[in-house]
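Student: Each chain, written out:
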Amino acid sequence: MSSLTSENIDILVSQHQPENATLKNYVIGFVSSIVLTMSAYLLAYYHAGGRGLLFGLLAVLALIQFSVQLIFFLHVGKEFSPRLKLIVTLFMMLVVLIIVGGSLWIMYNLNHRVMPSTKQMVQYMNREDNL
Amino acid sequence: MSDLVPSAQVDVKEVNRLIERNDEDNTTIFGFWVYLMTDCVLFGSLFAVFTVLRNNTFGGPGGAVLFSLPYALIETLSLLTSSFTCGLAVLSAQRKSKKQTVFWFVVTFLLGATFLGLELTEFHKFIAGGNSWHRSGFLSSYFALVGTHGLHITIGLIWIAVMTGFILKRGINGLTMKRIRMLSLFWHFLDVVWIFIFTIVYLFGALHA
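Chain order of the listed sequences is A and B.
Counting from -16, one number per residue, gives the positions in the first sequence under our numbering.
Counting from 598, one number per residue, gives the positions in the second sequence under our numbering.
Keep in mind that the hints were calculated from the coordinates and are not lab data.
Ideal Cβ placement from N, Cα and C applies to all residues, glycine included.
Wrong hints could be hidden among the right ones.
To be verified - No farther apart than 27 angstroms at their CA atoms in a straight line, the calculated lysine-lysine pairs in the DSSO-like style are these:
no.: 1; chain 1: B; residue 1: K775; chain 2: A; residue 2: K61
no.: 2; chain 1: A; residue 1: K7; chain 2: B; residue 2: K696
no.: 3; chain 1: B; residue 1: K722; chain 2: A; residue 2: K7
no.: 4; chain 1: B; residue 1: K766; chain 2: B; residue 2: K696
To be verified - If you want a taste of the chain A side facing chain B, the calculated C-beta under 7 angstroms gives, among others:
no.: 5; residue: A4
no.: 6; residue: S16
no.: 7; residue: Y28
no.: 8; residue: A45
no.: 9; residue: K68
no.: 10; residue: V71
no.: 11; residue: M90
Isolated chain A (complex conformation) (with noise of 0.2 angstroms):
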């Protein structure tokens, strides 16, 4: 411990504090997501190009904001190893990935597949009825 200087002290601890968070970082964060906001709520107001294209466009701008907003408000992958602030949200994006994609992925097939149209549906009832 002799070769301990008061500079060394002070990185020592501070690897073992909760990140420390900078103004830069939260005016980064904050101006990018107004420009983020404000850009995907004018395409949508203005119907801007085709609606496909508005739907992957509206996606990846929020996608865009929800990574800006982790590392610049929730400061994520800012800490020291081990790293385990990042692996719990990487793997809660793979849950919810496996959550939404999956429900989706099997209700529109099941909508496909089994709903049958109104007339279809109709024109069982009445058959049934007449049994």
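Chain B: place on chain A using the hints.
Tutor: Coordinates of chain B only, in the frame set by chain A:
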């Protein structure tokens, strides 16, 4: 600044105590982060339900008729700004400035309360117009998703109020700092969830016209 400190002057015990305290705080904050991530899974399921049911309007009005985009934008901007001011509160707390921390938490509270007021006004407008959660699968899932978020905001507002009182009484020390960090994580997290509500519920809803 990197002059060698004679080993006799380095209080090794004090350094170790500081490190230990910080490690303990980090574990608590990490535990809170894990809770937030499980909350994300809850919201993920609600988003899945909403997306599946969004066209099941049962003859009632859809999102394109009900939602007003400018209104949703104002809600979004007030919540986003409150997220920023919450960050400023954390920065003030890091500088140990009690006055500024309290000031920014009050601003955050007011912006958050504005957001909640706007949201409840919108709910009231829908329900008064006969479009409550009874109306259709779409509206049930809408109220479940946005209502769950609003409930979190309500809890967040209570927490901010209690935290502000706590800071006024105890000042800023290790304990308050730890709690301020967890509160700020919670509040920023709610803004992150709102990005997706704004995009998927309101913006996509306008496109479904």
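Student: Of the hints given before, which are not true for this structure?
Tutor: Violated hint: only 3; rest satisfied.
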